[in-house]
Amino acid sequence: VKPWRRCGSVHAGGNPSSVARRVRRLLIRGGCACAALAPLALAAPQLADARQFCYSDRYKGYAPYEVCNQGNPHAITYVQMTGLQSGDYVCAAKATGGSTSSPLDGSWACGVGQGRHYYNGEYPRYAVNQHRGGSLAGVGDFFYNY
Amino acid sequence: MRFHRIRAPLFVLAGAAVTATVGALVAGATENPQPDPDARALRTPAQRVNEVAAEQKASFEVFRRARTSDDALPSFVVKTMSNAADQLHGENAALSRRAHIPGKRIWLSVGEDTICRFQAVSVSDVDETCQPTSGALAGRLVGWQDGGSIPQGEAAVSGVVPDGVSSVAVSYADGRTQQVSVVDNVYAFTATGSPTIRFTDSQGGEHSVGPLPVLPG
Numbered sequence: 001v002k003p004w005r006r007c008g009s010v011h012a013g014g015n016p017s018s019v020a021r022r023v024r025r026l027l028i029r030g031g032c033a034c035a036a037l038a039p040l041a042l043a044a045p046q047l048a049d050a051r052q053f054c055y056s057d058r059y060k061g062y063a064p065y066e067v068c069n070q071g072n073p074h075a076i077t078y079v080q081m082t083g084l085q086s087g088d089y090v091c092a093a094k095a096t097g098g099s100t101s102s103p104l105d106g107s108w109a110c111g112v113g114q115g116r117h118y119y120n121g122e123y124p125r126y127a128v129n130q131h132r133g134g135s136l137a138g139v140g141d142f143f144y145n146y
Numbered sequence: 001m002r003f004h005r006i007r008a009p010l011f012v013l014a015g016a017a018v019t020a021t022v023g024a025l026v027a028g029a030t031e032n033p034q035p036d037p038d039a040r041a042l043r044t045p046a047q048r049v050n051e052v053a054a055e056q057k058a059s060f061e062v063f064r065r066a067r068t069s070d071d072a073l074p075s076f077v078v079k080t081m082s083n084a085a086d087q088l089h090g091e092n093a094a095l096s097r098r099a100h101i102p103g104k105r106i107w108l109s110v111g112e113d114t115i116c117r118f119q120a121v122s123v124s125d126v127d128e129t130c131q132p133t134s135g136a137l138a139g140r141l142v143g144w145q146d147g148g149s150i151p152q153g154e155a156a157v158s159g160v161v162p163d164g165v166s167s168v169a170v171s172y173a174d175g176r177t178q179q180v181s182v183v184d185n186v187y188a189f190t191a192t193g194s195p196t197i198r199f200t201d202s203q204g205g206e207h208s209v210g211p212l213p214v215l216p217g
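The listed protein sequences derive, respectively, from chains A and B. Under our numbering, the first sequence has 116 at position 116, and the numbering climbs by one with no breaks. Under our numbering, the second sequence has 134 at position 134, and the numbering climbs by one with no breaks.
For reference, chain B alone in the conformation it holds in the complex (with noise of 0.2 angstroms):
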């Protein structure tokens, strides 16, 4: 399904309290209705997996270990999660795994051939990235945190990797390297500067993800 994005001056009578700087927009309503050239296709809900497809165990060891009450997504992500409706990717709360590197808060769970990262920014809020299981195998499940507290250059990265793979390799554009363990198929560094990480999986194929758009320092 393509969705449109529509620019139009809008007249928004913004509430007293909240919207004070904002002050009051104005709203005429231009029907303007231009397709967007870059707007992909939003994809159907999947129908939440039950369970993790032998794939997805068989290449991600985390998956095979049982399940423990530690292994729970905050509750505000489950409720959400949970609702039919709400379904992006299948993917299910209940299947979820957390990865014990110390001092993060770092899930994995599985769709319908996908896997999602989360990762707790705060209390309050929970960031999810989702991959298709191939784009997992290959590397391409990361994320970061930058910006806010984090000191400016300097970004929080974590990221997915299949079983075989014990370190990954970190580089950056002024020749720094650094290699980072892996954990319950998770690594995780602090990023200074925008990374490149690499690593070669157990069959010998090389991958890689980044540069990644760090903000700078």
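Chain A extracted, bound-state conformation (with noise of 0.2 angstroms):
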């Protein structure tokens, strides 16, 4: 396995302040600045923790998916399944070992257009994601709590 970096759609959520977000948010709506994130990263550690976590992968001849999370000390409240298709297929699954190439703990919960996977913040170490059309074209984003 050789994880490569995609980000551009990891969320950081919560609570934070209203600064603190309205941040987040622009650098979420800016797209993978990561390059640019190097200095911000020193007053939001947390974002640039998320968005580091996050590459595709393959296992057991699934479909392309994404996996999140890995590293990060912080939980995944939830991971959102927007930008996608009224027709699309798309399925999330928890993780909490420590092996990219057995990332999977649980079912895939799989659903029929837009929607999210909340996690009791405390689970999983990691999130995996998969657009069943075989593309991880527009999978989603993930958000986080700490």
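Treat the hints with caution; some may be incorrect.
A few chain B residues facing chain A, derived, Cβ under 7 angstroms [to be verified]:
1) V126
2) T129
3) C130
4) R140
5) G143
6) W144
7) Q145
8) I150
9) P151
10) D174
11) P213
None of these hints come from the bench; they were simulated from the model. Don't be surprised by glycine CBs; every beta carbon is placed ideally from N, CA and C.
Two chains, two frames, some hints: make the complex.
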């Protein structure tokens, strides 16, 4: 497994201050200005952490999927599957293992159209998202609460 | 709002304990903002709705009955949904109704011209799928679980249909069929293969969704 960087759709959520939230949303809307984030990361290290740990993967012949939050000490509270069209199939799963080669812990939960996958805030260590159409295009956004 | 996908090499010094298997990923930070041709507009978060719309009440009897404590979504879902900044479709946890299908934890709720289906995957996670009200009326509000402890080739499927639909017809590519009854506007069944679900609404309109891309056996 050779993870590669994918960012631009990782959101930091929760209940930060309004200023922090605006900054985060601006960063999100600005796409993945990874290089530009470097100085800001000092002010918002959690966001930098969150954005670092997403990459695509394949496992046991499944369609490509995206793994997020591995290595991030902060739990995901939900994965938001927006940016999809009403007929899209999209799935999410949770994982707690430390290995990228066996990331699934439990079943995939799939749906048609837009939605979210909520977690209880303590679990999982990371989440995976899969677009059953075979592409990761528009799969979704990852929100974090700290 | 379009969002852009950047695929750039990255150097990440992974934290020792958790990322041992990832190893030290490297990170270079090449900025290459290519618009994703398949990227789609993110929806502006909607205002939370405070009541079930008349059209939704008229078409889904589950929203016409009085709400009880049994209809409440799990608390961690309510907490997230209650954060106004996290509104997606304006869905309101306080309007949820549980579909009383034995052995299942499935709820419906409404948002801004939206109906959402929630299904507990485990005690610690809940899946939500939403459709415009028109999509729910047409039977496109459906979801499933597969993989994990579910036998390969099988899936736990559930979906939403409007009033007047007492059962749905499930079919598979190999010709197998089954009828699944509807309770509280929801049907649920175990699929063995990739199912197509069909029903006829109270006006005689025929609807189908599928075949759902269940993981193969």
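Checked hints:
| no. | hint | result |
| --- | --- | --- |
| 1 | V126 | 5 angstroms, holds |
| 2 | T129 | 3 angstroms, holds |
| 3 | C130 | 5 angstroms, holds |
| 4 | R140 | 6 angstroms, holds |
| 5 | G143 | 4 angstroms, holds |
| 6 | W144 | 5 angstroms, holds |
| 7 | Q145 | 4 angstroms, holds |
| 8 | I150 | 5 angstroms, holds |
| 9 | P151 | 11 angstroms, violated |
| 10 | D174 | 20 angstroms, violated |
| 11 | P213 | 4 angstroms, holds |
In this structure, the earlier hints numbered 9, 10 are contradicted, and the remaining ones agree with it.
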